[in-house]
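S.K.: For chain A, the structure is supplied; the task is to place chain B on it using the hints.
So you can see what is in the structure, the chains are spelled out below.
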Amino acid sequence: MKMQWEGESFMQNLPKLYGLYTGGFLAFFALMAVLEQLGLPANVIGILFVMFTIGIYAFIGILSRTMAVEAYYVAGRSVPPVFNGMATAADWMSGASFVAMAGGVFMAGYSYMAFIVGWTGGYILVATLMAPYLRKFGCYTVPDFIGTRYGGKMTRFAAVVVLVVASFTYVTAQITATGTIAARALLIPFEVGVWFGLAGILVCSMLGGMRAVTWTQVAQYIVLIVAYLIPLVWMSVVQGFGPIPQFTYGPAVERIMELEPILGVGTPPLEAVPGLSALTALHADPAAGIMAAWQFVTLVACMMIGTASLPHILMRYFTTPTVRDARNSVAWSLFFIFLLYFSAPALATFSKLSMIDPTLPTAIIGQPIEAVMALSWIQNWSEIGLLRVIDQNGDGILQINEFFLNPDIIVLATPEMAGLPYVISGLVAAGGMAAAMSTADGLLLAMANALSHDLYYKIIDPKAETRKRLLTSRILLLGIGAAGALVASMQLTGILGAVAWAFCFAMSGLFFPLVLGVWWKRANRQGALAGMVVGLFVGWWYLLAVRNPDAWYGIAAPWLGLNDLRFGIVGITASLVAMVAVTYMFPAPDQETQDMIDELRIPSGKTIIGATS
Amino acid sequence: MAQLSAVDRAEHWRRTRNLMIGHLVVWFIFSFGVHMFADQLYYVNFFGWPLSYYLAAQGSLIVFVVQLFLFNRQQNAIDVQFGVDEASHAIK
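Chains as they are written, first to last, in our numbering: chain A, 1049 to 1661; chain B, 1159 to 1250.
Just chain A, with the same shape it has in the complex (with noise of 0.2 angstroms):
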């Protein structure tokens, strides 16, 4: 069967094709639910789970393989907005969002919700500043954008780095992630788990390029919701907040405030666990004073400015048929972020709820320390290293200061706690895989296709015919895929760590030379390429600085309180600096590029650049 993937009629069977994939998951979910009746283990229904979306996502990445360049770099420019909403929104919620957000908003309540705002406003920036112009160009990836505006192979070769470290920084934690899921559904060592997690990403990305991401990432998007919406909804009825918790929640918050005294919540644990922390902090309550404020909003702006400057999710934005399209999709991707951002700290809520409230069933806190100890979600994450309880003052009952846990776990652990059957786990873990891949995916070819276009293509040897550049940029997946689970089973840091670090350093190197290439004329090539290497560089120094204050480069105190999660602020505001001060020591760009911004700046007409090039 030969498959149309372009034009009309494709376009208008997409609802079809999707409804009748959702159907099928549900249904899947559905059978795995009964045969947990019947008596089917509790780690089969795990591995199924995992191993039948991983298999479905490799089938339509198999299906939809290409050889051409338009297909490969940008789907053919043929996404609609709504699907290309879905798409960049699995893309962007990576396994911080889908794993760790409602864990984070768990443990250290109100401060951790700058997340939350500053992955949504961002898109704000995005369609305002960027996502229209960078579409009518007509470019391949986001260093063709600045190559051609500023001209030059060293402004092309400074956003190639860019983007590589950025995005390099932020694919590890999603390897880190797919590993940790794989590790926990297949019951496999970590190391192991890495590496399968790499196989399944390869296969989608490797074959069929952006077309082929594009629709495995629509596929993901859906589990992700259905896996992340379906235990919420659950426990809201369960416990009585009816069936949309998102706007019944309210009354939970106040109950969890109110035994949040009676509980004796902030007092911290008589001893420490290393690697493992209890609750301390208050779930709604703002810390007090300029300073807490000053730090929510610093952490907003980093995420919102990065958002706008990580290139795998601009040039998802490359692949609408046209700019008004681009537009479109870029709310539509925020409406889609915004479902399963907007339930998170209801998730958060009725899992603790659950945990505390001595009215319900579930409830551990309060509870003699033998009864919590027979658990068997207690046992099962106790045995890999990621939960303790320990009766610290040893009167048998458990105290909010004695049970200890890796805050990542929350939502998958969720389920188990709220006391729903497991098939609802297997849900999750597959839903927290499909976000991970997801991104991974995007971030890859991203990386990929930097190298192979604009390193290689256009600065190495501009004559490389298609076939010879398509295999290189498959290559490239291979070989950087290989180096970030290489990096990832070496476990240097957090997952959200490096979320946070990569959002800083693209919008220290980028944002400015984008923004200005549409929004200032007189931004010419010397301004951007001071503005990508001295923000990137000032941005770098100050994350090392923060972390050895110790070293000859270290500094003793953050500036400001701008810490580590933050040095963005820092890169970006000597990239602005950088970047206008050399515009103006260097003459205008000519007038071929001043009228290249001016039919930039309109929607109708040609792309910029030549639909062959």
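Everything labelled a hint here was simulated from the structure, so no lab data went into it.
Some hints here could point you the wrong way.
To give an idea of the chain A side of the interface with chain B (calculated C-beta under 8 angstroms), a few residues [what the hints assert, rightly or not]:
| no. | residue |
| --- | --- |
| 1 | Met-1161 |
| 2 | Tyr-1171 |
| 3 | Ile-1172 |
| 4 | Ala-1175 |
| 5 | Thr-1176 |
| 6 | Leu-1177 |
| 7 | Arg-1375 |
| 8 | Ala-1599 |
| 9 | Thr-1621 |
The beta carbon of each residue, even a glycine, is placed where N, CA and C say it ideally should be.
M.R.: Just chain B now, kept in the frame of chain A:
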């Protein structure tokens, strides 16, 4: 496009830019403005949520989503007025 006069081109861009600035002002208020006062808003009860919590968990997000669909309509209206609009590929 060639048929767009220099005056129209400048006017189209001026209105596009003003629209962008307007939306970024709203964005700024809901990204940073309200959260600077979390300390005070905490004591306002909003259907059970402390208002500061609600804004960070949902309020700002809802504003962003609505804002973006509105922005698209407004920008498209500007493009239509200057004859530089394009077809949409929304699923029918």
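S.K.: All the hints need checking, so say for each whether the structure fits it.
M.R.: Hints versus structure:
| no. | hint | result |
| --- | --- | --- |
| 1 | Met-1161 | holds, 4 angstroms |
| 2 | Tyr-1171 | holds, 7 angstroms |
| 3 | Ile-1172 | holds, 4 angstroms |
| 4 | Ala-1175 | holds, 6 angstroms |
| 5 | Thr-1176 | holds, 5 angstroms |
| 6 | Leu-1177 | holds, 7 angstroms |
| 7 | Arg-1375 | holds, 5 angstroms |
| 8 | Ala-1599 | violated, 33 angstroms |
| 9 | Thr-1621 | violated, 16 angstroms |
Consistency note: the structure conflicts with the earlier hints numbered 8 and 9.
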